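Number of protein chains: 2
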Amino acid sequence: MLLRLLILAATLGIACSGTSAPPPQSSSSDASRGQIAGTNPAPDDSADWVRAAKDFASTRFSSLDQINRDTVKQLGVKVTFSTGIPKGHEAAPIVVNNTMYVVTPFPNVVFALDLTQAGAPLKWKYESKPLLAAQGVACCDVVNRGAAYQDGLLVFNALDNRTIALDAETGEERWVVQLGDINKGQTITMAPLIAKGKVLVGNSGGEMGVRGWLTALDLQSGDIAWRAYSTGPDKDVLIGPRFKPFYKQDRGTDLGVSTWPPDGWKTGGGSVWGWISYDPALNLIYYGTGNPGPWNSDQRPGDNKWSAAIFARDLDTGEAVWAYQWSPHDLWDYDGINEQILLDLPLNGQTRKVLIRPERNGYIYVLDRTTGEVISADQFVHVTSTLGVDLKTGRPTENPQKKPAVGMVTREVCPAAPGAKDWQPSAYSPQTGFLYVPANNLCMDHENVEANYIAGTPFVGANVRMYPGPGGNRGEYMAWDPVNRRKVWSLKEKYPVWSGTVVTAGGVAFYGTMEGWFKAVDATTGAVLWQFKTGSGIIGQPITYRGPDGKQYVAILSGVGGWSGAIVSGQLDPRDGTAALGFVNAMSDLPQDTTAGGMLYIFGLP
Amino acid sequence: MLLRLLILAATLGIACSGTSAPPPQSSSSDASRGQIAGTNPAPDDSADWVRAAKDFASTRFSSLDQINRDTVKQLGVKVTFSTGIPKGHEAAPIVVNNTMYVVTPFPNVVFALDLTQAGAPLKWKYESKPLLAAQGVACCDVVNRGAAYQDGLLVFNALDNRTIALDAETGEERWVVQLGDINKGQTITMAPLIAKGKVLVGNSGGEMGVRGWLTALDLQSGDIAWRAYSTGPDKDVLIGPRFKPFYKQDRGTDLGVSTWPPDGWKTGGGSVWGWISYDPALNLIYYGTGNPGPWNSDQRPGDNKWSAAIFARDLDTGEAVWAYQWSPHDLWDYDGINEQILLDLPLNGQTRKVLIRPERNGYIYVLDRTTGEVISADQFVHVTSTLGVDLKTGRPTENPQKKPAVGMVTREVCPAAPGAKDWQPSAYSPQTGFLYVPANNLCMDHENVEANYIAGTPFVGANVRMYPGPGGNRGEYMAWDPVNRRKVWSLKEKYPVWSGTVVTAGGVAFYGTMEGWFKAVDATTGAVLWQFKTGSGIIGQPITYRGPDGKQYVAILSGVGGWSGAIVSGQLDPRDGTAALGFVNAMSDLPQDTTAGGMLYIFGLP
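For the protein sequence lines, the chains are A and B, in the order given. Using the working numbering, you'd call the opening residue of the first sequence number 22 and step up by one each time. Using the working numbering, you'd call the opening residue of the second sequence number 22 and step up by one each time.
No lab work stands behind these hints, which were simulated from the structure alone. Everything numeric in this text was worked out from a predicted model, so none of it was measured. Among the clues, some could well be false.
One copy or two, it doesn't matter: identical chains are merged, so the pair holds either way.
[Said to hold, decoys possible] Cut-off 30 Å, straight-line C-alpha distance, at most; resulting in silico cross-link-like pairs (DSSO-like, lysine-lysine):
| # | residue 1 | residue 2 |
| --- | --- | --- |
| 1 | K269 | K287 |
| 2 | K146 | K515 |
| 3 | K256 | K423 |
| 4 | K513 | K256 |
| 5 | K572 | K94 |
| 6 | K287 | K424 |
Build out the structure end to end from the sequences listed, making use of the hints.
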């Protein structure tokens, strides 16, 4: 079947490339496809989209199939809604009970749109009015990645470190909790996860010398249930008797202190600004931590635990059950905050409880989510910074030719700081068995420079200039077969694919480009079936839902920005290549291809 | 036929209302329809849309008919483009040679979009970078009403009083002329008119004590050919031997000085921020002047010539040929800057060269454009401020019960300061013989207060609170029969209809609402045939053109703001009803119905 797909893809002119590792299995039969961990949503559950990642397993898969390979060509714009805020729109809209909720970038307005009425008029709006100064602390635009719904409450984060719960019906405030301090460089940009009566929230600020944490709040009251720091003594990290990391180097006492220079852990990053998954059967949550601070690795000898890592924690208590570092002593700003997709995957005749992680460092990992064992780690973009992942130790093998030092420019480091992929989340289809991955193809020149910590100011210490990787395309959108460990097809894009993606039972996957194209592709072949040019570049997360009329719709926020699009949303000078931490150097042509914006699009069939 | 229309309209549930004046003619046969003055555009000319008003006669009529009563239901969104500027978008897009040009509000960026390519990508953009302080001088949002094209040049005005000519193909600057000074309260918001090698530009700032003028520039060089002030001595107003006003009170020497208190004309307004029409056969241009300053009429006894007036001028020399004041000694901010539609109209058995003026003071005027004689003036909305127009003197008859004075609130003044209609331009169809008028239904409480002139600061002197007129609908869109002098049909709208309109040979008229609906109505019956909810409220000017594929398209800018929408675009506090010169009081619910935006929509058939 795979061969047939490759042939078909070649016929259609789709770029395909395998990985260098030979696939351990040669076919992709039905039996070899992964199943989504946890209870599959009942068909009716797919009408709504209550959290950014769709389900606890973070598949972003919808069982809706009205919009499919045959009908998708008829998609048209049904509703548009302007947020009025021309900054980067990274959020997923949320749909519950025929109401759509949109959280904007700073100043973090929430709009509730009534989907039962023509034109989806405003039902209510809530202005969170964050401190203006919060904008100055956000490293890379003033984005927000969305809200979450549970039990009548809509919960989201404001940039100035407040978590806010609203009555979803009326927009009235139920509770507001202040979780951090912009004067220490903290902000919050992530979409909270609500699970089993708890709201999980982490902080941003890895470029500001923050100390990262994940905090669990009681859904009803907003009271803090527990907080787990990413660095520091075990008691702060909630490491106790249940902690059983798979690899030797992760065992020991207070490694969150001893793997840093004195006091380094206090300003060591490990912020928690990405994605959280939840396995109800194991009662474990999974999430990653950001880069260690500062970027200048000379200033922080050691493994810098638990930065650039993943934790498995008990949801009720926050206790760490295992942890694993994707990039111990990270050299390149390889935050470990990406999505993890929880699947029960047939591997070598066994069904394994795994999590899949297309990681910033350039490898797609399959981990045993009960133990933290790395089952496989395959290169999915061009990588020069490391030479592979040693499955015995779990450690990536450093490339000695790329070792950075103060006073020396290291060239051709691939992937660049934003990684093979950044926060932009993948999707998984149990129908095809493929992972759909929005990715970057960027390399960089990098130089460590001295950084000084002053609270609330940048704590980076690196001169970076990024540029396109091999081939010149700065992004790609690919289907990856996690069983056979290979890229099935790939669509090259001019710019990093900085949007999320969704895949459906209709056999169609959706994603957006930074020029503003919203595309529907055949989930099996990658053939582009339909596309529409939205008004601004897309860095948002598409969703799909069933409307009150029983029809399937697809929604996306258009509004370029974020780290990759800061040159447009922040009106940065293209002549300063090091602006936006070196991203501007790779994006100087973006202003010729798109404009700032902030617009919701809802597409539907005639 | 009229009766049949009324019956049909009633069947369709359309609100119809006649005027109180009995119609002088009882039928609307083909022979009774007006013809557009000047040479009708040849069919091929209708492919493009080279100036805001479409033709020199300002009809905004297109001979395209692919999109018609039958097909309009199939309209869909083909292209969207975000300007990235969430302010009021009043401009008409311009289409020339398969390129669309969009001028944004401050900071007045021009985008050229390539209509020959999928998604209409950017061909070039030009950032005019006006002085930031210009924003503080603009009375009512920072709008711009569009560009004009001629002979390879695209010409537009920047808010800080610069007229800029660009190479339409490349976006390169050809010339830039500084015409005014923001430190004197001047800005420029109007769309220039290019005719016979001259660019006509007027200034804004009637609320800032400016002295209004119209300036003619040489199209090729930008050199000033002539400038005609609206107030002051005859030599400044370009009143000379050719000046033959129709009415006695307009004859005399230096009336622009003597009808003011000493020096009052120097800060007397009469700004020229609206529409200009041109009759090539007579070589006359027609344009109106704004309100006298300050609003407080007690401070400026006299007729305040030539504020709230219309001029006919020789295009080559600027010499005034006639003038007429719509509102001598204006009491209510009734700027006279609206569009004038030049028609050859059959009236009482004669074909008269007329101009039609749906005027801010509540009357639709028909003037003999060769002499300035008022042929008729009919009330088209609820009017209490005057008791009619005396055709012998040409003067509106003051309502003694509404005479304002310092220290006294005058209540129920209708229309309110924005008038029966403001700048939002009408259209005329030679097929139906009807004028299509976007209108307001607002009244106000008004109190004169002392105003002091300080250059570059507000010079108003009035406390105003506006509110809905009778019926509660704040706007309406109507068809008006200028021969039979009656309203044929009218669609009530919740908010002022602050958008322009276009009417086509397909028998369809388009307009937008401040909630964001873009509507197509049957030009004969007013039946709504199609509508689409754009992302923000619409105050722009629709256009229609033929694309490179031979298909007809319709385009509109969505982005609420302007005087009426300043509560949204300027984030004004709804609790201060006097904000935006009293408009906020009538629009406090607008933020519940729309959001700021800035998006071009292009609609087409499948």
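Hints and how they fare:
1. K269 with K287: Answer is within: at 24 Å inside a copy they meet the 30 Å cutoff, but 86 Å across does not.
2. K146 with K515: between (36 Å within a copy, 20 Å between copies)
3. K256 with K423: neither (36 Å within a copy, 78 Å between copies)
4. K513 with K256: Answer is neither: 46 Å inside a copy and 67 Å across each miss the 30 Å cutoff.
5. K572 with K94: Both, since 16 Å and 20 Å are each at most 30 Å.
6. K287 with K424: The answer is within: 25 Å in one copy meets 30 Å, while 73 Å across copies does not.
The structure is inconsistent with the numbered hints 3 and 4, although it conforms to all the rest.
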